[in-house]
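Assembly of the complex is requested from the two constituent chains, each provided in isolation within its own frame, with the hints serving as guidance.
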Amino acid sequence: MLYDAIAPLLPGVQKPARYTGGEVNMVKKNPEAVRVRFAFCFPDTYEVGMSHLGMKILYHILNKREEFYCERVFAPWMDMERAMRENQIPLYSLETFTPVRDFDLVGFTLQYEMSYTNVLNMLDLAGIPMTWRERDAVDAPFVVCGGPCAFNPEPLADFVDLFMVGDGEEQILELCEHYDAWKARGGTREEFLLEMANIEGNYVPRFYEAQYDGAGEFAGLVRTRDDVPARIRKRCIPDLDHADYPDRIIVPFTEIVHDRVMLEVARGCTRGCRFCQAGMLYRPQRERSLERLTDLARKLLASTGYEEMSLSSLSTGDYSHLPELARALVEEHGCKKVAISLPSLRIDSVLGETLEQTQSVRKTGLTFAPEAGTQRLRDVINKGVTEQQLYDSVHDAFSKGWSGVKLYFMIGLPTETQEDLDGIAHLAQVVLDAYFAVPKEQRQKGLRVGVSASSFVPKPFTPFQWEPQNSIEELQEKQHYLKEKLHMRSVNFNWHEPHLSFLEAAFARGDRRLCAVLRAAHARGCKFDGWTEAFDFEAWMGAFADCGLTCAQFAQKRFALDAPLPWDHIDAGVTKAFLRREWEKALRGEVSPDCRIHCHGCGINQFCKGVCKSCE
Amino acid sequence: MIAEFEKLGRMSWFSHLDLQSTMQRALRRADLPVRYSQGYNPHVNLAFATALSVGAQSRCELMDVELEEAVAPEAFAQRLNACLPEGLKIRRARLADDHAPALTARMAEAGYEVRVPGLDLRAKVEGFLASGEVIVEKRSKKGVKPVNIRPMVHALACEWDGENSKLTMILEQTNANSLKAELLLQALGAGERYACLRTGLYAQGAQGERVELFEAAKE
Chain A
1 MLYDAIAPLL PGVQKPARYT GGEVNMVKKN PEAVRVRFAF CFPDTYEVGM SHLGMKILYH
61 ILNKREEFYC ERVFAPWMDM ERAMRENQIP LYSLETFTPV RDFDLVGFTL QYEMSYTNVL
121 NMLDLAGIPM TWRERDAVDA PFVVCGGPCA FNPEPLADFV DLFMVGDGEE QILELCEHYD
181 AWKARGGTRE EFLLEMANIE GNYVPRFYEA QYDGAGEFAG LVRTRDDVPA RIRKRCIPDL
241 DHADYPDRII VPFTEIVHDR VMLEVARGCT RGCRFCQAGM LYRPQRERSL ERLTDLARKL
301 LASTGYEEMS LSSLSTGDYS HLPELARALV EEHGCKKVAI SLPSLRIDSV LGETLEQTQS
361 VRKTGLTFAP EAGTQRLRDV INKGVTEQQL YDSVHDAFSK GWSGVKLYFM IGLPTETQED
421 LDGIAHLAQV VLDAYFAVPK EQRQKGLRVG VSASSFVPKP FTPFQWEPQN SIEELQEKQH
481 YLKEKLHMRS VNFNWHEPHL SFLEAAFARG DRRLCAVLRA AHARGCKFDG WTEAFDFEAW
541 MGAFADCGLT CAQFAQKRFA LDAPLPWDHI DAGVTKAFLR REWEKALRGE VSPDCRIHCH
601 GCGINQFCKG VCKSCE
Chain B
1001 MIAEFEKLGR MSWFSHLDLQ STMQRALRRA DLPVRYSQGY NPHVNLAFAT ALSVGAQSRC
1061 ELMDVELEEA VAPEAFAQRL NACLPEGLKI RRARLADDHA PALTARMAEA GYEVRVPGLD
1121 LRAKVEGFLA SGEVIVEKRS KKGVKPVNIR PMVHALACEW DGENSKLTMI LEQTNANSLK
1181 AELLLQALGA GERYACLRTG LYAQGAQGER VELFEAAKE
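As given, the protein sequences belong to chains A and B, one line each in that order. Taking the working numbering, the leading residue of the first sequence gets 1, the next gets one more, and so forth. Taking the working numbering, the leading residue of the second sequence gets 1001, the next gets one more, and so forth.
Heads up, a few of these hints could be off.
Okay, derived cross-link-like pairs now, EDC-like style, lysine to aspartate or glutamate, Cα gap no bigger than 16 Å in a straight line [as the list claims (entries may be wrong)]:
#1 K485(A) - D422(A)
#2 K15(A) - D1018(B)
#3 K337(A) - E1068(B)
#4 K336(A) - E1068(B)
#5 K29(A) - E67(A)
#6 K29(A) - E1086(B)
Here chain A is said to cover these stretches of chain B; the calculated rule only asks that three of the stretch's residues, wherever they fall, bring their Cβ under 8 Å from a Cβ of chain A [what the hints assert, rightly or not]:
#7 1005-1013
#8 1024-1030
#9 1077-1089
It is worth saying that the hints were derived from the structure and are not from the lab. This one's a predicted model, so the numbers in the text were calculated from it and none came from an experiment. The C-beta atom is built at its ideal place from N, Cα and C for all residues, glycine as well.
Extracted from the complex, chain B is given alone in its bound form (with noise of 0.2 Å):
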């Protein structure tokens, strides 16, 4: 089963590994069909399309739960979200393929909205896309590289409203290469105190258009 669901408001706090247990014991509660993993530690086999930020809230996360007995996509969703705290809602939900390539292998992008007090970052914005190679120092397990991270921003616009930027933004989301929403905001000076909305998790289409990730993992 592939659902979409949010994660709003106070849910935005918790990790990605807290995510895990947290839904593994809202299926559990529900008492859905879930398939267990073999071994000592057995584990809903449970699989989401990629980690979100702490802090950071979404409309648009998607995870991939194998059933043992079919359950219709309507049933699933009313039945899990009886059990889901407040902020954390099944949007949609639809059955998978068995076979299908998982969720992260079809993922290749994600947008995000952003709100960001008090600083106008229009010229900033406008400079970045002009820029045909912005440098910043990207900091993984193996240390800290630099990486031109302009690529891999798929799109970006800045609105002013007086008070606050809004930005929008489609970044580059696959297995191998990845630009979180925290490394641009970074490199546009938009300091701490912003609020990230993740809207969307694309696949590429046949033809290499933009498809919504959910909608593409059907095939």
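Next up, chain A with everything else stripped away, as it sits in the complex (with noise of 0.2 Å):
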């Protein structure tokens, strides 16, 4: 078995509980005995990866039907990597420490823009052909992709059979059923695509061309046969309620970044902030009743024996049911010492102080996020949050307690001014004063105000996907003019890496010219690009030079309104007409209302009749 031969590599890695799976809950099977075995990757490392809520979900629904075996695997750390290749080891799963090339189907969850070279990586490491024009020729498995970026899966199109955009619930059965049956009567590659394009929620790249124009920018995508749809439209679970869920979820030996019971309250949000991608893609918000959350908070913790859960969604805070909920479960569990965590904001109004005093109720970090800095600005990008909301909900926590506060801001915004960034300064001074404002005798000692500031990356289907984003010159300047405003005692300022945003911001928007960039990229060793000990930018810029192609091009291109864009095959389910309006009321400086309040006609509820209900 592979495990002979990789258990003395152990002693020489860090962290070598990640490379050996074992934990509770794994599901075991006999891979003899099944009909069709998916090796889930998730391309990044073992603690990031076992924290994600998807892999969780789709999982436990492959692995409930007895045919199909869906085993994980993630991305080995580089000394491991190392390890590997110089034992001639292949990447293998966790489950049977099985070679990933001996699957039937290699999955893997995109979730962001810069884990695509551990893709790449990934396969290389299991001996597996990049490209699916090499994959066709020496029968691999094929490769399939979901996940947010999937949404825009034009840089990856040359690499991928199959992608999977939206909810993949039921998607992802669809998929092992239709494999099963080809793999039974026999069949070519181009036969299984070819049924799966015509699915919904499916895209077959290889059905689809790419044209550019005498200047060699995007012109435009066609399909190249008419038996493949014109539109891929998302696939969207319109009952949550309904939809599996898992009532057990693997336990690991070694911490991880979310280590704890994750129940996923609701899918989607009503907010309709214009920077923010998952907004729009996972629009309806849909919820879950109360009596299926309590139950499945039940049987998640006797099955995990975890001592924490947090109530997971884009925008917790806007639960229909949140103080019913925090009170059940606190009332059931808090016996068992488990902590539930709740978005720091609500909890007062939720639970009161009795219940506070419990102790059976973590609160995570006192967090703001006002994004920018001054009322003009948040207006623009539809961020409902004022200095005064601000001023009173700091006063409190200090006057409770808390003497820490993180403000999460983003730079580089369209419209944004110098007075925006003034403002970014003063929302700390506001903070400041509203401790100092608490007698000294009530707040706690030991301030601590932590300012983060983000670069803006236009996203697709957002109204501002036509935006180029700041070059990294401006966005340094802007670091360092912040820099010096927030030199403030008790104000700790960090930023993040322009140039992985400046990255971020071409694969987000790019098109397929880019697949030969990633493919350089990945010749020239980069890997791990979110991690800072592996992020190389000098390789990253010379794979754009190979392909005679600059990331500015992507990344501060300046669409048309009336340009094709790379992701019009993809139907979100939000209209460009809607994000054209909202890109609009945007530079006007007009605010569009949570849309539980008013609706805004964004084309979600043609498009998932009936799901949301404030449309109703």
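So, in structure tokens, the structure goes:
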């Protein structure tokens, strides 16, 4: 067995428990006795991948079916990769130590753009050809991808056989069922993919072709045969309450990023922040019922023994039954010393002081995300937070014993001026003022205000999808300016690496020309780009140059409103007309209130009929 | 409750800290009436005799779990085993007196079996046993310092079967002074590709004789 070859390598690597599986609730099946073997690959480390909710859901759904076996694969850290390559050990699954190349289907979840080199590297380490053309020739496993980045699949079009766009719960089962039937009757790879291409939510890039204009710019994507859909509608699970959700999840031995039970209370968000891609992609907002959630919580805690549980969604504070849910969970599980993590902002209103004293509630760090420094810019991005709200909330928190608060901002947002940067420093001052307004004997000593500024990245399917990103120089200048401005006592300023955001912007809105860049970057050794210790900007710039392209031509491109966009063939449910209206409102500084208050006609209600409660 | 458990195969790759949370969660899954500590972050009152190095296996780890109400040792072992992953297994359990000294306080020695592939270590072992003093660099939190490990090796033997050296050893393992198997293996030039199994944890009996720590903790 492969384990015997792996074990001797483990004393020489960091955190060896990442590579050996065998955890509680890991699914064990006889690989000989199943019909379809699916390798679920997460293109990052074990600790990151094991924290991902989507993987837990799909692992559960696939393995519930006796005839399918889903196993997990993570990117080995660089020390382990080196040891594996030196000893000719191929990438393998944690459940049965089976080489990934021996699976039927190899699936990657694409959570962020800067994991793409890891996708290529994992295929390489598995001994699976990277492009679908090469794989066709040797009958290698099919490579399928899902996750939010599948909404602009083009930068990976050469490498992937099939993209699954939208909610994956039904799609992943259909994939395995169709694969099983195809394998049983025998047929060509193209026949299988053609069949898949005609199921809602599936995109098979080989049946489409990109066109470029005289200047070499993207001019549209056309299908190369008329028996595939012109547009790919995302999949949407209308009724979350009846959707399958795991009642047991794997409990890792070694600490992972989110080491607790995650209860997905809702999917989607009604706030409509104009920079937020998830807020658009996961529409309509759907909730699980109180009964379903308390039942799941009971089963999950019993099957895992976890001592902590968090309520997960894009905006948990907006869940309609939050007070009842929190109270029910604390009452039922508090005696077993289970801590329920709640968004800090809502704790008081939700639970009241009595429950707060039971210590069964773990407050997540006190964080606020005003995102922009002035009311004008917050109106532009439709982030409904006011200075007064911020003051009141932190004042309240400081008087209840908090002494640390984190503020999140973005720089480089459309229409940003120096005044908006000054506004960031002003809001930091507002927080300081709120602290000192609390009588000395009531407030906790040791005030810490963390101010964090990330760089704006324009994303597909947002009202800012047409906008260019600031240049690295502009972003650095703004960071420098803020650093000076925020030179205040008790304030700690930190910022994100703008070089990484620059690449992220290119891959978020890029087209098929980036496939070559990605391959070149991999050849130059790029991997784990999201990790500072691994990120090699020079190598990336070299990769763009190898292909006669620049990163700036993608990241800093302003798309014309009527220009074809590389992701136009994907139908995310929100219409381009809506995004354009929102963009125009943004420029006028007009807000669009929460769509539970007022429907803005985003199109999702026509797309996913009757699900959107606010549009009834 | 004092429980002896094995930690074999894949279970040898996580750390002592990971073992603590793994056992806590298993106890919770088994719904055993464990006692929790006070404070902001309550945890199960659970103490291990000693840590095991990452990569080493064991068939004799010991832990002491405080329970709120009495549970029969057999039932304890059975219920916990139903909730433990393959490779972790309670071998036996018995009631402990709440006022008995902690396992760590009674511990005197640890025994190991080590298989070293491809190296005949018989001569090295003989040389080691013949010396009165063997100084090695011992790394601790305070830095590196030279230590004479010879007196801490209470028994050592080596067999060679033509392919592997099989070492058996009993090493000092007390709160104040302990010798890790790795350090001795390093001194013997065993390389890094060996398989280490802990075979026993011992206390000192009334006459200074070697007794199993599991038994000794009874009084």
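These are the hints, each one checked on the structure:
| no. | hint | in the structure |
| --- | --- | --- |
| 1 | K485(A) - D422(A) | holds (7 Å) |
| 2 | K15(A) - D1018(B) | holds (11 Å) |
| 3 | K337(A) - E1068(B) | holds (14 Å) |
| 4 | K336(A) - E1068(B) | holds (13 Å) |
| 5 | K29(A) - E67(A) | holds (10 Å) |
| 6 | K29(A) - E1086(B) | holds (14 Å) |
| 7 | 1005-1013 | holds (count 4) |
| 8 | 1024-1030 | holds (count 6) |
| 9 | 1077-1089 | holds (count 5) |
Hint compliance for this structure: every hint is met.
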